[in-house]
Amino acid sequence: MADLISNLAGITSPNPFWLASAPPTNSGYQVQRAFEAGWGGAVWKTLGEPIMNSTSRFAALHFNGKRVAGFNNIELISDRPLDVNLREIADTKKRFPNHAIVASLMVEPKQEKWHEIVKRVEAVGVDGLELNFGCPHGMAERGMGSASGQVPALVEQQTAWVKEVATTPVIVKLTPNITDITATAEAAAQGGADAISLINTINSLAGVDIDTWQTIPNVDGLGTHGGYCGPAVKPIALHMLGDCARHPNVDIPISGIGGIATWQDAVQFLLMGASNVQVCTAAMHHGFRIVEDLLDGLSAYLEEKGLASVQDLVGQSVHRYSEWGNLNLNHQVVARINQDVCINCNKCHISCEDTAHQCIGRYTDENGAPYLKVDEDECVGCNLCSIVCPVEGAIAMVPKPNGLPPMSWNERQAAIAND
Amino acid sequence: MERSESIPLNFQEVEPPLSTQEATDEATRCLYCYDAPCITACPTGIDIPSFIQKITTNNLTGSARTIMEANPIGASCARVCPTEELCEGACVLNQTSKPIMIGKLQRYATDWAIQNEKPLFTAGKRNGQKVAVVGGGPAGLSAARELALLGYAVTVYEAETEAGGLDTYGIVSFRLPKRISLWEVEQVKSLGVSIQTNTRIGVDLSLAELQQSFDAVVLAVGMANVPPLGIPGEELHGVYDAIDLVKATKSTTLPQQFQGKRGVVIGAGNTAIDGATCAVRLGAENVKVLYRRTEAEMTAYQFEYEFAKQDSVEFRWLVSPIAVLGDEKGRVTALKCAEMALAEADESGRRTPIPTGATFVIKTDFIIKAIGQARHRWLDDVGIATHNGVISIDHHYETSVKGVFACGDAIFGQGQGEAMVVAAAEQGKQAAYAIDKKRRSQRAETSA
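If you're matching them up, the sequences are chains A and B in order.
For the first sequence, the residue numbers in the working numbering are 1 to 419.
For the second sequence, the residue numbers in the working numbering are 1 to 448.
Read the hints as simulated data drawn from the structure, not as lab findings.
Careful, some of the hints might be misleading.
[Said to hold, decoys possible] Cross-link-like lysine-lysine pairs, in silico, DSSO-like; alpha carbons within 30 Å at most: (1) B:Lys98 / A:Lys373; (2) B:Lys402 / B:Lys437; (3) A:Lys66 / B:Lys104; (4) B:Lys125 / B:Lys336; (5) B:Lys98 / A:Lys66; (6) B:Lys261 / B:Lys247; (7) B:Lys118 / B:Lys189; (8) B:Lys309 / B:Lys178; (9) B:Lys189 / B:Lys178.
Using the sequences and the hints given, assemble the complete structure.
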């Protein structure tokens, strides 16, 4: 069986699946249940000056009959006393010495505040620290969380303060609520971070109740923006992960976060440069037991790929993630419909006809049976038809050789400049 | 089935409705095909993907309107259509998983409209023209509804106490409760259509009178009762007409005389199944369906056949009745039957049953005739051309008498497709459009 042991900047865990700092890691009871279920590590719910939380706190985006395509929260950091959390961390670490316990921290941007909390949490035996520069609500209004995380200089400064006293690896958790996440990633690296984790939640308003006209969620008639996560954010997280992973000045390991719900999601994050992954929404949706399939599916996948260790996956697709200017503009694919599989729902036809390039025609064969056919000369290979097709294998996007040599926009511009 | 000691319980609708969750889940499964084959397969052309899509967004008024717009008796059809042969049979998901439960979703949306008393349509601006519709069944109601939407002042003449025709009186309650059909009648009435019940044309009013008072007349008279078997003894006490029997089960008090009795049903169409299952549910101890051909030739829908078997109805093939036997009080005691065999297929492709010569006697307490429906003979008397009792029409639903149109079962048999409720509804619509087209062109000529 493939080795699932993962290593993030020296923090090892039996497997790459950590629970992210969030409601699931609020207490020793929960984290111990998670470890018993099979989770490899946990980032404890953010410690700091205990705060008050509101009710209600969560909301979700349901889509087409499926619950929780996206998830939104306005919960703040831990509302439990620091010494209670520290005692439970110590107990948990004693019971699970091989599992990773990382303390998420958030304090005011003051050197002595950081020094104090780092010393206190390291004293109870945590394996690492994660600096929460990401939380987009509540704490940000007090100058913490994403208020710090959106300013590269503050990220760098505070990371450096932590590094002055930390003896365990320091992970900086980044907010996605910034135009270019590599700016803060670079700042974290400059500040001496041992790793970064991303993404934290995205600013969001979950909805408006069309019966009452209240926001969703609403707290006694008022709502506020919260942090968005869950399956719907995965593509955003992957893009930010890839941007950091390929950045020459961000040469530190990355813990991937954002919408991971299945082992396939995890594999994608690992391939795009994450050394491990953190999960929250999927566990909140289904409970800790989901880790069983995460582990099982990942093991089977590694075996099928003939890989000895999960670490062999890390970063394998990063070099394939590039700039648009490097894409081969002479590469051509076209849609092809497999008549044996097609069920004639005509969804490809109408989507192409109304919103793409009008190249899927409806015909009738000699027996009077309807069929759909792509005009390959007109097809621009946009993929829309294969995306809307509800039947696996009915539409393939196939390469169409055109005899042209590979040429990207950048190569074209360079060639013109050299003329 | 679990037969209840309480007979009324046996006549409650057997098919449970979808819950909101079930309906939403099922509606979400619909692919929302473009130019979907289910629409083409529906004789009334309901925009099925649209009404299902509206269920997913909880736009149930819109969903019911989409259904009822195309089919004025869409709530009844949700229950009685042979959906596996129509919409559900055409569903593209037959090829990958299982078809969408279109009938049940249609029932969900229309039930919602019924329960919430949502007005779905408003009558068109009156155009000063008047149309009489003879017969308030599926075809007549459908024609009346379309004509009212087009602005005609419509009067429906219905022979029975209540309108709805087959849906009200001819389909067993455990498939189609009367209240559903009566809701459809109310929908038509709400558009200002006048429904004169207990009024039989040819008795209470003549066709000529209607022709005089109205700009057009629609004959949607359906068919008459079951014809005679033509065998000795059929006048005995205990011989019933299946259509009358079903009608009796749709009145307030259910017939009591079948409890603990043995009976036979002659015929193997859907009406025969209805007669047999009604008899069982009325407490008959044993009911046998006798058919002179075999299972392969029976005209009942497969789901009706399965349903009857579940109701413990027995089926005897290749049996033809030759005489009803009775006691001294004139009550049925037995049926003498001939054993049949099938000849080779004739030119029409159908295999004719021929007696083998063997006969036998089945002891029975009652006999239900279900060998089809007779035609209305009075049509010939008023000069409406018919062929084998079927009203002859042109391509525009107009009969041999100008200004008199026909639709529904009265025209079935002229290559007008299967005699389904849903087909009658569509013909009603088409007859209405034909009248409107003709009236418009006449008005254009007059004003020119």
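Going through the hints against the structure:
With a CA separation close to 25 Å, the supplied pair B:Lys98 and A:Lys373 stays within the 30 Å bound. Taking the CA atoms of B:Lys402 and B:Lys437, the gap is about 14 Å. The hint holds against a cut of 30 Å. Taken as a hint, the A:Lys66 and B:Lys104 pair is honoured in the structure, with Cα atoms around 22 Å apart against an allowance of 30 Å. At roughly 62 Å between alpha-carbon atoms, B:Lys125 and B:Lys336 are farther apart than 30 Å, so this suggested pair is violated.
Distance hint between B:Lys98 and A:Lys66 is fulfilled; the C-alpha atoms sit about 20 Å from each other, no more than 30 Å. Proposed proximity of B:Lys261 and B:Lys247 is supported: the alpha carbons are some 20 Å apart, at most 30 Å. Proximity of B:Lys118 to B:Lys189 is assessed by CA-CA distance (about 14 Å); at most 30 Å being required, the pair is judged to hold. The hinted pair formed by B:Lys309 and B:Lys178 meets the criterion: a straight-line CA distance of about 24 Å does not exceed 30 Å.
For the hint pairing B:Lys189 with B:Lys178, the CA-to-CA distance comes to about 17 Å; that is within 30 Å, so the pair holds.
Going down the numbered hints, you'll see the structure goes against just number 4.
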